[in-house]
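Trainee: If you want the building blocks of each chain, they are given just below.
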Amino acid sequence: MNPEAFSEICDGIKREVARVLVGQDELVEQVLTAILARGHVLIEGVPGLGKTLLVRTLARVLGCESKRIQFTPDLMPADVTGGNVFNQGTRAFDFMEGPVFAQLLLGDEINRAPAKTQSALLEAMQEHCVTTDGVTRPLPRPFCVIATQNPVESQGTYPLPEAQLDRFLMKVEVGHPSREVEKQILRNHVEGFDAAALDAAGLRALVSADDVVSMQQALHEIRVDEGLLDYITDIVARTRAHRSIDLGASPRASIALLCGARATAAMRGRDFVTPDDVKALCPAVLRHRIILVPDAEFEGITADECIREILAEAIVPKSAA
Amino acid sequence: MKQCSTSVLLVIFVWLAGMGAAAAAPLGARQVLANEAFGFCHDERYPLTVEEAQWCPLLPPRDPPCPTFQAACGAPRAAKGSGGPQWRRSAEEGEEHERTRGPDDFHRDRESEEPNASLPPEDAGVGVFAHVLVWVIVAGMLAAVLVQLRGPSARRPREPSDEPEPSESEPGDFPAALAPSETDVERLLARAVTRAERGELDAAVADGHAALVRGLSERGHIRLHASRTNGDHVRDLRDAPTLYEPTRQAMRIVERVQFGHAAITRADVDHLIARVREVLGTLAGVLLLLWTTLACTADEPHRYPWSHSPSGTAGVIELLHGHGLELEYRRTTLDHPNGIQGITPIVLDGSHMSDEEWSALMAHVRRGGNAVLATREPLPLELGVGRVTREGHALVRWGGASEGGRPAVPGDAGLSSAGPEGIPVYVDARGTPYALRRSLGQGTVLVLADDRLLRNGALAVPDNDVALVALLREFGPRLELIDGGVRSFGLSAEGGASDPFHAISRAHLTPVILQLLLFVLLLYLWRGVHFGRPRDPGPPSRRRFVEHVDALAQHYHRAGARGHALRLYAGWALERIAERFGGRRRGLQSLASRIAARTGRDETEIMRTLAEAHHARDARDDHDAHGSEDDLRVLRELGQLIDTTRANPPRTQGPTG
Numbered sequence: 153m154n155p156e157a158f159s160e161i162c163d164g165i166k167r168e169v170a171r172v173l174v175g176q177d178e179l180v181e182q183v184l185t186a187i188l189a190r191g192h193v194l195i196e197g198v199p200g201l202g203k204t205l206l207v208r209t210l211a212r213v214l215g216c217e218s219k220r221i222q223f224t225p226d227l228m229p230a231d232v233t234g235g236n237v238f239n240q241g242t243r244a245f246d247f248m249e250g251p252v253f254a255q256l257l258l259g260d261e262i263n264r265a266p267a268k269t270q271s272a273l274l275e276a277m278q279e280h281c282v283t284t285d286g287v288t289r290p291l292p293r294p295f296c297v298i299a300t301q302n303p304v305e306s307q308g309t310y311p312l313p314e315a316q317l318d319r320f321l322m323k324v325e326v327g328h329p330s331r332e333v334e335k336q337i338l339r340n341h342v343e344g345f346d347a348a349a350l351d352a353a354g355l356r357a358l359v360s361a362d363d364v365v366s367m368q369q370a371l372h373e374i375r376v377d378e379g380l381l382d383y384i385t386d387i388v389a390r391t392r393a394h395r396s397i398d399l400g401a402s403p404r405a406s407i408a409l410l411c412g413a414r415a416t417a418a419m420r421g422r423d424f425v426t427p428d429d430v431k432a433l434c435p436a437v438l439r440h441r442i443i444l445v446p447d448a449e450f451e452g453i454t455a456d457e458c459i460r461e462i463l464a465e466a467i468v469p470k471s472a473a
Numbered sequence: 161m162k163q164c165s166t167s168v169l170l171v172i173f174v175w176l177a178g179m180g181a182a183a184a185a186p187l188g189a190r191q192v193l194a195n196e197a198f199g200f201c202h203d204e205r206y207p208l209t210v211e212e213a214q215w216c217p218l219l220p221p222r223d224p225p226c227p228t229f230q231a232a233c234g235a236p237r238a239a240k241g242s243g244g245p246q247w248r249r250s251a252e253e254g255e256e257h258e259r260t261r262g263p264d265d266f267h268r269d270r271e272s273e274e275p276n277a278s279l280p281p282e283d284a285g286v287g288v289f290a291h292v293l294v295w296v297i298v299a300g301m302l303a304a305v306l307v308q309l310r311g312p313s314a315r316r317p318r319e320p321s322d323e324p325e326p327s328e329s330e331p332g333d334f335p336a337a338l339a340p341s342e343t344d345v346e347r348l349l350a351r352a353v354t355r356a357e358r359g360e361l362d363a364a365v366a367d368g369h370a371a372l373v374r375g376l377s378e379r380g381h382i383r384l385h386a387s388r389t390n391g392d393h394v395r396d397l398r399d400a401p402t403l404y405e406p407t408r409q410a411m412r413i414v415e416r417v418q419f420g421h422a423a424i425t426r427a428d429v430d431h432l433i434a435r436v437r438e439v440l441g442t443l444a445g446v447l448l449l450l451w452t453t454l455a456c457t458a459d460e461p462h463r464y465p466w467s468h469s470p471s472g473t474a475g476v477i478e479l480l481h482g483h484g485l486e487l488e489y490r491r492t493t494l495d496h497p498n499g500i501q502g503i504t505p506i507v508l509d510g511s512h513m514s515d516e517e518w519s520a521l522m523a524h525v526r527r528g529g530n531a532v533l534a535t536r537e538p539l540p541l542e543l544g545v546g547r548v549t550r551e552g553h554a555l556v557r558w559g560g561a562s563e564g565g566r567p568a569v570p571g572d573a574g575l576s577s578a579g580p581e582g583i584p585v586y587v588d589a590r591g592t593p594y595a596l597r598r599s600l601g602q603g604t605v606l607v608l609a610d611d612r613l614l615r616n617g618a619l620a621v622p623d624n625d626v627a628l629v630a631l632l633r634e635f636g637p638r639l640e641l642i643d644g645g646v647r648s649f650g651l652s653a654e655g656g657a658s659d660p661f662h663a664i665s666r667a668h669l670t671p672v673i674l675q676l677l678l679f680v681l682l683l684y685l686w687r688g689v690h691f692g693r694p695r696d697p698g699p700p701s702r703r704r705f706v707e708h709v710d711a712l713a714q715h716y717h718r719a720g721a722r723g724h725a726l727r728l729y730a731g732w733a734l735e736r737i738a739e740r741f742g743g744r745r746r747g748l749q750s751l752a753s754r755i756a757a758r759t760g761r762d763e764t765e766i767m768r769t770l771a772e773a774h775h776a777r778d779a780r781d782d783h784d785a786h787g788s789e790d791d792l793r794v795l796r797e798l799g800q801l802i803d804t805t806r807a808n809p810p811r812t813q814g815p816t817g
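So the sequences go chain by chain: A and B. Each residue of the first sequence is one higher than the one before, counting from 153 in our numbering. Each residue of the second sequence is one higher than the one before, counting from 161 in our numbering.
List of simulated lysine to any residue pairs, SDA-like, C-alpha gap at most 25 angstroms:
1) A/Lys166 to A/Val326
2) A/Lys166 to B/Glu405
3) A/Lys166 to B/Arg395
4) A/Lys166 to B/Arg408
5) A/Lys268 to A/Asp231
6) A/Lys268 to B/Ser788
7) A/Lys166 to B/Asp392
Here are the simulated distance ranges between beta carbons:
8) B/Ala386 to A/Arg392: 17 to 27 angstroms
9) A/Ala357 to B/Ser788: 46 to 56 angstroms
10) A/Pro403 to B/Glu789: 33 to 43 angstroms
11) B/Glu789 to A/Pro303: 11 to 21 angstroms
12) B/Arg768 to A/Arg392: 41 to 51 angstroms
13) A/Gly344 to B/Glu789: 42 to 52 angstroms
14) B/Arg398 to A/Pro303: 23 to 33 angstroms
15) A/Ala315 to B/Arg768: 35 to 45 angstroms
These aren't lab readings, by the way, just hints derived from the structure by calculation. We put the beta carbon where it would ideally sit given N, CA and C, even for glycine.
Work the whole structure out from these sequences, hints included.
Mentor: If you want it as structure tokens, here you go:
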């Protein structure tokens with residue numbers, strides 16, 4: 153696919169989503185990047201910031217099917233993946249697909265479900281398939297999990313294990329909108345916008361699910377310079393040697409950086425990756441993959457600060473400095 | 161070397177010859193007025209005042225000492241009130257005479273529309289320096305702009321034609337050998353152009369890239385570091401819209417070469433270099449702005465120093481200096497403790513002396529001193545000199561003596577003497593004195609009908625210079641002018657400017673200082689905060705201990721480290737409680753019973769709290785640092801125990817988590 157055409161499509165998608173979701177341009181761009189890079193997104197933010205609306209809007213604009221799971225402590229794995237149900241008519245067990253069989257899956261408050269249920273998503277997220285009773289069933293393509301978790305409440309929650317966190321391509325932190333943006337949201341509602349009725353908003357599908365898959369495959373044509381591979385590995389290696397980091401990023405993080413950078417480059421209309429693409433993605437890709445030493449946590453050091461330090465030391469390839 | 165020696169000898173010879181000539185002929189009005197600072201003698205459109213124009217009928221038609229004075233008489237007059245010092249305009253406003261004159265620090269605006277009709281005065285002091293500085297800066301900037309316009313390529317000869325023709329370069333890695341080691345922006349840009357002409361497109365792009373980022377860094381727009389990407393540099397320029405877009409375009413080309421696989425063309429390289437020049441060319445814009453500003457100040461109307469006008473005294477002072485007389489302005493009043501012993505005061509028009517000063521002056525004369533009274537103000541009665549009208553401008557020496565020639569002074573002011581003590585010196589055709597001398601006590605007073613003979617305009621009339629020297633020679637060698645301008649500006653007692661701004665204005669430094677301030681402002685706008693020298697940050701203020709504790713508790717709280725906090729607090733609290741009850745070796749049960757006996761609380765509850773604290777203290781380091789809600793409860797209960805077991809229990813509670 154032509155890089156310029158790729159970029160124009162992405163710009164159109166962002167513009168269409170922005171008609172409904174006001175003031176979340178960065179979030180939309182990052183989620184779209186993750187979808188194109190065949191990754192999953194963990195969104196951390198307080199309720200009411202439009203996370204569900206984002207998924208529904210994106211699904212509509214991308215021509216994909218979306219489903220939503222509200223994770224609760226009593227949610228069972230079969231409630232996610234689906235299960236075999238006896239069909240009295242045929243006197244056989246039929247497989248009833250769970251909500252995971254969707255192209256865009258919103259997992260709301262994923263940290264409220266117990267580890268057993270959370271792990272049910274592991275295979276789906278990594279292998280893009282579900283295995284029940286020995287039978288493996290592929291998930292539709294594209295497949296993207298957009299999970300949310302509330303950073304405020306901690307009682308009655310089950311923090312996501314590191315293994316599962318690593319499955320998310322990026323973790324995006326969403327804050328409250330500015331006053332101007334919030335006023336624009338109110339203005340939209342005054343003018344009759346209803347989040348429950350997206351049809352009335354006149355949203356149109358700019359691409360189809362097949363187009364999205366084609367765009368995902370087109371990313372393989374994005375050139376990555378040898379120096380950039382060094383840059384990525386250098387950054388990830390530095391997370392393992394940083395004094396404030398107990399556990400650094402995994403090789404999966406390197407792959408995530410590479411895929412994300414390719415998607416970013418394509419969205420910016422280029423057929424090659426630049427160091428800026430990598431650098432821009434590092435916070436979102438790395439912040440949930442590193443574990444700080446307790447002393448650093450007590451001192452108030454955050455993962456983002458460690459990443460900033462690392463980026464300030466990593467040598468950019470072919471710099472003029 | 162031989163030529164140089166010859167030149168030096170020639171200069172010495174000419175100088176000695178000049179000295180000899182000067183020694184042979186004393187300084188005359190012609191030599192004094194040859195100075196171009198006397199604009200009325202060198203500028204045909206010099207604006208004379210009405211008072212100054214009274215000299216016009218007396219000017220000689222042939223071989224005048226002041227060549228253009230006659231022509232200036234036909235030029236438009238200076239606007240009434242625009243010439244001369246403010247003190248004179250305000251003091252004489254409404255009077256019939258528009259006599260305007262003053263000390264050296266006043267200028268007269270020229271009304272002529274021709275900016276280059278005459279050269280600037282040579283002795284304008286700092287003003288001349290400012291003009292020269294402006295033109296030097298203008299020339300330098302013009303050269304810089306021309307260099308910018310021509311581009312570095314024009315300065316370098318083309319390479320031999322056996323070089324390969326420029327063509328599309330093959331995609332590939334950015335060659336490390338081409339990484340620019342040069343740091344000078346201009347040379348980098350020049351090398352980029354040269355390499356582009358050779359067809360080394362990748363290397364040209366590398367040089368252009370280096371020139372761009374180094375140029376931006378040198379101006380403080382970006383921070384150059386090996387960890388910063390091109391995107392970082394572009395984002396640094398968001399506040400500079402004129403730089404942002406061309407830099408972004410240039411960076412796209414650079415990145416296409418560095419990381420892309422598309423072929424780079426000569427057109428791309430030319431586009432890159434054009435963008436780089438566009439970005440770096442803003443320097444020329446700043447210089448042009450500076451140039452324009454300075455050029456505007458340089459185009460001010462031509463100004464002459466007031467002291468060199470026909471109403472000034474600079475020429476007279478120079479003439480008398482040439483004849484061995486020391487003549488200067490008096491900076492203090494005549495009744496000042498410094499006194500006037502050994503000095504001959506010359507009282508000019510507008511001096512407005514007080515009665516005390518007149519008394520001091522007369523006393524000075526009676527003691528054997530001398531004085532020259534060249535003022536139309538009322539004179540002391542004891543002099544016995546009155547005012548009359550004389551006829552004609554020509555004067556002759558009284559008694560027919562030929563010394564001093566035949567001077568001429570405009571106006572009709574004459575003198576009369578009430579007694580035989582007054583001896584005329586110069587008289588008109590009817591014998592009415594213009595100047596007379598009178599002995600008073602042991603001293604002598606020379607009285608002139610006005611001070612016109614002591615003004616520069618008088619030097620334009622033949623024989624006036626000779627008469628002036630002849631009049632004042634016997635009153636030397638130290639003479640002091642009592643001038644209203646000096647006195648009215650508050651210098652009579654202090655001898656200096658009243659404030660710094662006045663001092664700057666008197667020294668003609670205002671344009672230079674304004675230009676320097678403008679230059680600093682432009683530098684600041686150009687370089688931003690990087691223009692100043694970075695300073696060390698100030699030392700942080702010390703915090704109170706309780707603030708440290710509070711901050712640490714906040715960190716624990718944010719980190720959810722309840723278990724960790726309990727472990728530390730439990731160890732400290734158990735130690736304190738055991739110390740207070742002397743039960744370190746008695747065990748928890750004994751401690752609990754003692755605490756219950758003192759506080760009256762339930763012993764079982766106390767024991768449970770102590771046991772939980774003991775358990776928390778001895779927990780392993782790898783125990784869950786986050787803890788649970790129970791940890792908070794234990795923390796609170798331990799805090800209460802600490803509070804209640806004190807000798808003087810406070811009202812406040814212990815830790816609340």
